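Quick note: the sequence shown uses the numbering used here, first residue 35, plus one each step.
Rather than coming from a laboratory, the hints here were simulated on the basis of the structure. It is possible that part of the hints are untrue.
Cut-off 27 Å, straight-line C-alpha distance, at most; resulting in silico cross-link-like pairs (BS3-like, lysine-lysine) [said to hold, decoys possible]:
#1 K87 / K59
#2 K101 / K65
#3 K87 / K116
#4 K65 / K53
#5 K65 / K87
#6 K116 / K101
#7 K87 / K101
#8 K53 / K116
#9 K53 / K101
#10 K65 / K116
Cβ pair distances, simulated, as ranges [unchecked claim]:
#11 D114 / A138: 22 to 28 Å
#12 R72 / R113: 16 to 22 Å
#13 G81 / S139: 36 to 42 Å
#14 T55 / K116: 32 to 38 Å
#15 A131 / R72: 14 to 20 Å
#16 S88 / L137: 30 to 36 Å
#17 D90 / F134: 29 to 35 Å
On a predicted model such as this, the values are computed, not experimentally measured, just so you know. All C-beta atoms in this analysis are idealised placements derived from N, C-alpha and C, irrespective of residue type, glycine included.
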Amino acid sequence: MPATAKTATRNPARLTRSKRTAILKALADPKRFELLERIARANCPLGCADARKSLDIAPATLSHHIKELQTSGLIDVRRDGKFHFLSIRPGVLEALASAFSSLASTGFPQS
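Kindly produce the complete structure, drawing on both the sequences and the hints.
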């Protein structure tokens, strides 16, 4: 059966071990995790000004957190004039969830 555009976007991206590690390191910081939550809940690209207000952090700190999330591959940053907009990179969270799910399905020995 041919894949439609809708099913293609639902398939999680493939993450290498090093990419998964980079993502988990980026999410280890509570403010970065909170920022990712804000971006995800926005359901549309989140403006940096809105992110800074909601997190109550300095612009330089926000910039650092954005760079870490972008470098790990979790978010995309789109520039429109002097404004920046943040969005979750499609398929990455699903791929991470799938990696965790595969760990749970392997089963653990009972002690």
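These are the hints, each one checked on the structure:
no., hint, result
1, K87 / K59, "holds (24 Å)"
2, K101 / K65, "holds (13 Å)"
3, K87 / K116, "holds (17 Å)"
4, K65 / K53, "holds (20 Å)"
5, K65 / K87, "holds (13 Å)"
6, K116 / K101, "holds (17 Å)"
7, K87 / K101, "holds (18 Å)"
8, K53 / K116, "violated (30 Å)"
9, K53 / K101, "holds (15 Å)"
10, K65 / K116, "holds (24 Å)"
11, D114 / A138: 22 to 28 Å, "violated (40 Å)"
12, R72 / R113: 16 to 22 Å, "holds (19 Å)"
13, G81 / S139: 36 to 42 Å, "holds (39 Å)"
14, T55 / K116: 32 to 38 Å, "holds (34 Å)"
15, A131 / R72: 14 to 20 Å, "holds (19 Å)"
16, S88 / L137: 30 to 36 Å, "holds (32 Å)"
17, D90 / F134: 29 to 35 Å, "holds (30 Å)"
Consistency note: the structure conflicts with the earlier hints numbered 8, 11.
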